[in-house]
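Protein chains in written order, with the numbering used here: chain S, 6 to 477; chain R, 2 to 102; chain C, -17 to 478; chain L, 26 to 676; chain D, -18 to 202.
These aren't lab readings, by the way, just hints derived from the structure by calculation.
Here the structure is a predicted model, which means the values were calculated and not measured.
Where a beta carbon is used, it is the ideal one built from N, C-alpha and C, also for glycine.
Hints are supplied without guarantee of correctness; some may be wrong.
Examples of chain L residues toward chain C, derived with CB under 10 Å [what the hints assert, rightly or not]:
#, residue
1, Leu29
2, Gly165
3, Leu168
4, Ala190
5, Asp201
6, Ala636
Some but not every residue of chain S turned toward chain R, in silico, with C-beta under 8 Å [what the hints assert, rightly or not]:
#, residue
7, Val132
8, Tyr143
9, Ser152
10, Thr174
11, Phe181
12, Gly182
13, Gly236
14, Pro436
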Amino acid sequence: MPVGHLVPEIVLVAGAVTTLLAVLAVPRRLQWIGAPLALATLATSAWFAVDLASDAAQQITFFGTWAIDGATTWARGVVLLATAVVVVMSPEWFARDPRHGEYYPLLVLSALGATLVAGAADTMQLVIGVLLSSVTGYTLAGYHRRSALSVEAAMKYFLVGALANTLLTLGVVLLFGMVGSTLYEATAAGLAGRATDPIAAVAAAAAVGVGLAFKLGAVPAHAWLPDIAQGAPAPSAALLTVVPKVGGLVALARFVQLLPVEQVGWRPWAALVAAATMTLGNLAALWQDDLRRLLGWSSVSQSGYAIMAVVALGRSDLAVPALLYFLLAYVLANLAAFAVVTELRGRTALDAYAGLARRRPLLAAVLVVSFLSLVGIPPLAGFAGKLALFGAVIEGGYAWLAGVAVANTVVSLFYYLRVLGPLYFEVRREPVPVLGRWAGTAAGVTAVAVVAVGVVAEPAFDALSDVLLLPH
Amino acid sequence: MTLTTLLLVAGALLAIGVYGALSQQSFVMLMMGLELMLNGVLLAAAGFWALTAGGVPEGQLLVVVVLVVMAVEMVLGFALVVAVYRARQVDMTEGVDSMRG
Amino acid sequence: MLTATILVPLIGAVALGSARGVSERAARAGAVTIAAVPLALLIAAWSRFDPGSGRLFQLVEAAPWIPTLGVAYRVGVDGVALVIATASALLFTVSAAYPADTRDRPRHYYAWLLFLEAVSLGVFLALDLLLFYVFFDLSLVGMYFLIGEWGHGDAKRSALKFFLFTLAGSLTMLLGILGLALATEPLTFDMATLIRHQPLAGEGLRSSLVLLGLLFGLGVKTPVVPLHTWLPPAHVDAPGPASAILAGVLLKMGTYGMIRIPFAMMRATFAQWALVLAVIGVISAVYGALVALGQSNLKRRIAYTSVNHMGYVVLAIAAAGGVLAGDEPGRELAITGATTQMVAHGLVTGALFLVAGSFWQRTQDYDIDAYGGLARPAPALTGVTTVAAFASLGLPGLAQFVAEFQIFVGTFSVYPALAAVALLGVLITAALFLQLLQKIFLGDLPARWADFPDLHRSEAVTLGVLVALIVAIGVYPRWLLDAIAGSSRILIGGGS
Amino acid sequence: MLWLTFLLPVAGASALWPWPAIAARGRDPQPADEARDRWVLGVGGVTVVVATLALAMRAAVTRPRSVLEWGGGLILTLEVDRTAAVVAVLVPVVAAPIVAYAAAHEPHRGLGRLVALLVAFVGAMQLLVVAGDLLTLLIGWELVGAVSWALIGHEWWQPEPPGAAAHAFNVTRFGDLGLFLAAAAAFHATGSLRYADLGALDGAALHVVVAGSVLAAAAKSAQVPFSPWLFSAMRGPTPVSALLHAATMVAAGAYLLARLQPVLAMAWWFGPTAIGLGLATALTGGVVAALHPRAKELLAASTSAQYGLMFVAVGAGSTAAGLAHLVAHAAFKSLLFLAAGVAIAAVGSGRLGRMRLGAPLRTVALLTLTGTLALAAIPPLGGAWTKEEVVAAAGERAPWVALLTIAAGGLSAFYAARFQLLAYGPTRRDGALRHVRPPGRTETIAIGVLATFTVALGLLWIPGAGQLVETVAGGTLPEGRAWELVVSLLLVGAGTYAAVVLARRQQLATLGTSPHGAADWLGIPTLAQAAVIDPTLALCRTLARFDDRVVDAGVRAAAAVARAGSRLVTTLSGRGVDGAVEALAAAARRAAGAGSRFDDAGVDGVVEALAAGVGAAGRDSRRLQTGYAHHYYVIVAAGAVVTVVALALWA
Amino acid sequence: MTRALLVEVAFWVFALAALVSGWRVFRTDSMVRASFLLLTSFLNVGGILLLLSAEYLGLALLFMMAVEMMVMAVFMVMFMMNPAGLNPMQMVHQHAAAVGAGVVMFGGMATVAFAAAFPDRPVRTSHGLIESLGSELLGDSMLVFQSAGVTLLAAMVGAVALASRRGRFGDGDEGSVPPPLDPHASPDVTAAGRGDGAHGHHAHVAGHEDHGGHGGHEGHG
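Same shape as in the complex, but just chain S (with noise of 0.2 Å):
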């Protein structure tokens, strides 16, 4: 038993568990030291990853269930980096909960929950992975216990995911009945077998479809993810609008690929689903006067573009790297929105935000990069995410879809610049508080990362190149 290419996921379980420990222990002062404990643990855990994947070749291990291919590998590493960042901004904003010292280590797990939804190879072991992700998501929605907007937010994200989760359970069940196994290299061997037909392949891929689809706040299961951005703690609405969909994707992108084309009309779905999932995320955010809310949506939009990559899965090579790319480029500006969110003390009204250039001009900065690489000007890091998505839908016959996302892309560009525009063209005197040091330098950190991943974009494709998404 290869416990060896587990060992990143150990080590999260091992962390979060110490983590919690040491909270329960000390005294509420200390609270935050479950931040430090939490950072090593994400540390130590990506240190191994990395070991591993220049140790390891890419395979499907662990009997089956696990895949340790680049995809999970990079998968690891921006679930890894995205929760590093939500643990930077949390101490300071939950500096008057003396028991936030849970929060920590639920981020962990919830990170874990991500990465074993990323690499799973077993469908059963994908619904408990989305299980983990989900449940430790629920906890984190609504840890303002006392706020109506977070607990409200938290149980909207339940009852979605609830009945998501449960749809997702069917499918698997079904496709167990299909084919006699949950593995991921049986199921497709069995579904391209004459064994089966159409009828509970398609059941079964709708059901697992939809319950991802929760995952990825991809329409039809979407509705959380605004509420969450808006309602949720903000270092929670960071990481709920970044971390699960990272997993989510990869998992659909796995899971797509044991469907025979033939048999279940994947592609054309997925590509329904990028279409209506961007253009509603839009839509939808074009007249909020809420920034957290418009940021929940563009998040939506976002995921809509990221699945375009899983439409053109196996007719263009530029897809996975597509794929993984965009996910890093949009977790590390949405990061940096939801960065600025909290260090402006949670600041929200659309119109709490014109002048900020003059006050707060580096924050302004960071604002600007983050939106304008949402939008995907170059040579933001959202840039490249974007053109490596149109190349992978049109070189999968999927022109059209590009030709939506760029309508999307400009429709986007208005309420991005709702925002910018009123940020930069208006003088306003008010003071504008901050939070403290530490969100503040995420929203830095990020912006810069975001700057830098799209000028220097070479390493991450030449990584991706040959990274593979097993089982295919």
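Take the given structure of chain S and dock chains R, C, L and D to it, following the hints.
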């Protein structure tokens, strides 16, 4: 007791569950609908294990996984119902609608 | 050397933007100095450029960027790019020197101007499709902030409209670029390679779609009717120097891109669709002129003449690519004329928009009918405007005549009827500019403009430079045309 | 060297223009300054023109050819052939006295500009004349037009001149388009723009070149239907009318036809067209001149008519006759304009009915008479000889052509006499000798010089002069027929007699007083206004409005449909199945509302409409997010159904 | 009666009981009763599992559900209004849509049941099934099993964090609000005013209540 009859019963349970999940105002009742759905899934899983998969151990584990899903979702669900009730004195879906649009 | 032309203003922009305690004067002086560096470098590049060498791209500098995707940093020039880039650098220097109301934010104003200069030059110097796109897009960002922050009237809305509209165009172009580049094996965005290999040649629908995507994107920027509606508000609400750059530099990106990408890289497909493009060009020319004549707002009127003039350029490009072989002298003339028109229109319309900016600074009124008889209090302004107006209506001895003559003569070889129709634009332009001069400068002087200030020294000097160049090109254009013609020949011949 | 005939006047002009301002050194002008300015400008201007004349004469003798690479394959060629030599010499000859007159006669305000532009015009005209290819010709052609604009609008502070200048420019520019086309066609067919290569033309290109040239020539020479622009040009100062709009610039059309006649004649229809145009203009112009109540307009109409005669000559194939008449006309018509200027200055009005300055301005009246007689074509003046040559040329074609030409000659005799009798005729009995402003010495001398020139052309009647003309101008002169001469002289006499009779009855001045009647070019301007200018301007305004809003109609309608659709989807999913019917009704209501709002939308751009549509869709799509979790469940359920359908459908 | 017939009859009894009790869950006025009906449904499904020779799983389900439903019933009594279902109540919305969704769901599953061709590999023997489950849990599917364990841990931690009334440091939810926009504002403000940054903590967004306010529960409808 054929696979078809099993799946029909499971489907009926799922249908009742879906109805409950969609129609109930109270969070708790709504969750009962979800439970009922999972009940159907459970039945289907067991049926598949026994009738199409030749009793492979994975199938039993799958049933356990469904049970875990059931348990975990309910635990968190109840915790959230408590939290929402404490923060807002509300126990129905219509009561939490401050965020919309 | 070419890299420095992009880097110097970029670094200058960053330095100026992050400096502290810089006075308005110092910021302007610094900006002018920095903006002039690329101009000097490009003039030096001109001296080293050999139009007769038979090679299209010269002074090439390259560095790997994203080799995995076939993207590299490649800059270089052919004759077309060289003259347009040089004219742009000049226009930036002049615009920086032109007095503007910076609203107490001189550093930012000049920093954005320099940023815009860097990326605009990048567009013209890039030899990699993706690099081209990067600069193309960034120019929108720079212009958005310039209009939004320092514009007047409904500036924010106009800036927004500008950004949205042109981003729609540039993204469509991006799809086209991808469609084109993805047809290469191995994947590359290198312009020289793409010109040599002509990917997608003879691939029916796909190549047509790619071409239309490219033309749509570039057509928005040019702009051609009916994609032009972003132009008037952007111009009207932009500060004078920004308008000058918008008309003189940014619009050129569209037509330059047409020559560079669809014309050169998809010759067969371009020839299929050239007639459609030519008709659009003619419609733009005539429609733009007619609508301009119907305007009573000074800046709108000038803005619509841009539609007219760029329509000629589009027509010429379409004609030059309208057939794959035959009529070489005429098609060469068309391409040379199109390029000359880009340079000339940049200088002429740049001057006109700077003049319009001067009007705004003096009176905050663009209504042509509100003026009259200004020749008495402001003879120098009258003189400059008259020269620019006559240049714009294509008077011989001034720059634009050279261009338009070549365009008409060249286009006639391929599309005689369209050339004849487009000629009507020349007539209408004449009418509208004479009417403009008459209404503003001639006739009765309303009492309230009795002490209308004439040009200040800095205005006079900057406009003087433009006028001198307009005359220089008009009288003896050989120095300009010879630099272009060598490349035109290669482009027409299809070599690289 | 040849370039100097163009560059020297231009350089001279740029020196003369700022002179008064430099001399004044920023002070207000003093009376003494005025005299000095007049002297400097006059002497300077005449010197430059005379120097140009010297250059032109040298060129006329040496017939040089000069080539300039303009770059990009364009080559400017200067070439002097016989035709060019004649006109190149003629232009400065006429210009010199006119420049002197202008410096002495015109108001001081803007005098530097006036003289400078006149001198610059000489340069531009020389370029036009010595051009050896269509591009150079076009450059000169447009430059003289622009200078004409500036000179007509010389008194820019007045309400009328700027508009008149623009009118003149626009009309002539329409003709310029013909040259553009001709150049394009020539280049397409031969790869060259040189006159010398035009001989190789055939087929469609030839016809385009000929048609373009004829169009340009007709517009420039104020032939029907372009003639009215010359009336607008009369808003300019008198010297301008004399130089540009009588002697030289207007001559460019006739000159061009003469210069290119061998090429043009290759098209079978050139001759008839030119003759037709020329005759039409000669006759209508004659009628207009006979009726018009104002002095300069009378002369302008006569100018059109006389150039019509030259068109007839060239069309009939006799460039020599046309050219000879061109020279003669330049001499006497500039003389008459200067005389008219003196008369107008004397009485302060351009109306012929107010003048009759024969008594107070006896000298000028006598000098004028030479011009009038030449215009009336009464031997032994040169004008008569050249006119008879034109008649002879016309007779070569057909007798009826000759007859019509003779009729036009009769008209010109009538209006020439009318001009003389009204402007410088015997003073009215009722009006006592009024106080009039006498002309200065310089003006008189200038008129005298031109009168001398006019008279000197009488030498053409000397036998053998015809051969000299043939040598100088090239081509052959037709043999005149005796009956033509007799009939012609009879008609001239008749015309003159009619004028005298009418003058006795005091009816000569009041012919056709209505400004909109026949005197106003037979209503061509009104027609042009109604048929071309007004519709164009209306179209422009409509298009401008259209551009602002109507283009969007389609887009807006599409947006409205999208909006309604999005609402429908929204309401359906938002309210669940129960609400579907209700929702449909609501959507219909809203669609109707959208329709009415659409009308109220007002002035909006294309993109605004699209944006409004998207924006509305944005607002509507937010309604999907009701805030109720059970609605989200419906969305998920519906999404699952759609997913099943999609997966099954596209497999 | 053969064993097969017996099994068949038992199956239908269990199935009908499961369905009827499941349906009654949403047709009763009392939540407590509803939770017991749900339990009944589960128990009957457990019975079917036993018939399918999944003894261990069936029993596990029985025990687990028994406990869970007890918790749920207690829950009703403790927290919910109208705990004992003394007053008749019908708390249902979008009834038609829900019925429609249920019908579609059943239709879909029925289609699968009738039309889909599943492999026919019935379980051979009931012997050793439980052992094989054990070895699966600690063998091939150990990752799944362990992950499930971690998930349960996370669920516990999360549930406690969210729901506990008393924490280690006093009130379980003390200070669990976002930081105020103005750092100098009084510490005990809730997030109610977050919607409007310009007015800091003074503003209240209509529609939600301060947690401190005891305005009571707003009725629906």
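The hints, checked one at a time:
Hint on L:Leu29 is violated. Least Cβ distance to chain C is approximately 15 Å, over the 10 Å limit. For L:Gly165, the suggested interface contact is upheld, since its CB lies about 8 Å from the closest CB of chain C, less than 10 Å. Checking L:Leu168 against chain C by beta carbon gives a least distance of about 6 Å; that is within 10 Å, so the hint holds. Below 10 Å, beta-carbon pairs count as interface contacts, and L:Ala190 has one with chain C at about 7 Å; its hint therefore holds.
Look at L:Asp201: its Cβ gets to within about 8 Å of chain C, closer than 10 Å, so that hint holds up. With its C-beta approaching chain C no nearer than about 7 Å, L:Ala636 sits inside the 10 Å limit, and its interface hint holds. Here the hint on S:Val132 is kept, as its CB sits about 6 Å from the closest CB of chain R, short of 8 Å. This hint holds: S:Tyr143 has a C-beta 5 Å from the nearest C-beta of chain R, less than the 8 Å allowed.
The interface hint given for S:Ser152 is met, as the beta carbon of that residue sits about 7 Å from the closest beta carbon of chain R, less than 8 Å. For S:Thr174, the shortest C-beta to C-beta distance to chain R is roughly 5 Å, which falls under 8 Å, so the interface hint holds. Interface restraint check for S:Phe181: the shortest CB-CB distance to chain R comes to about 6 Å, inside 8 Å, so the restraint holds. The beta carbon of S:Gly182 is positioned within 8 Å of a beta carbon in chain R (closest approach about 4 Å), and the interface hint is therefore held.
Evaluation of the S:Gly236 hint against chain R yields a held restraint, the C-beta minimum of about 6 Å falling below 8 Å. Because the closest C-beta pair between S:Pro436 and chain R is about 28 Å apart, greater than 8 Å, the hint is violated.
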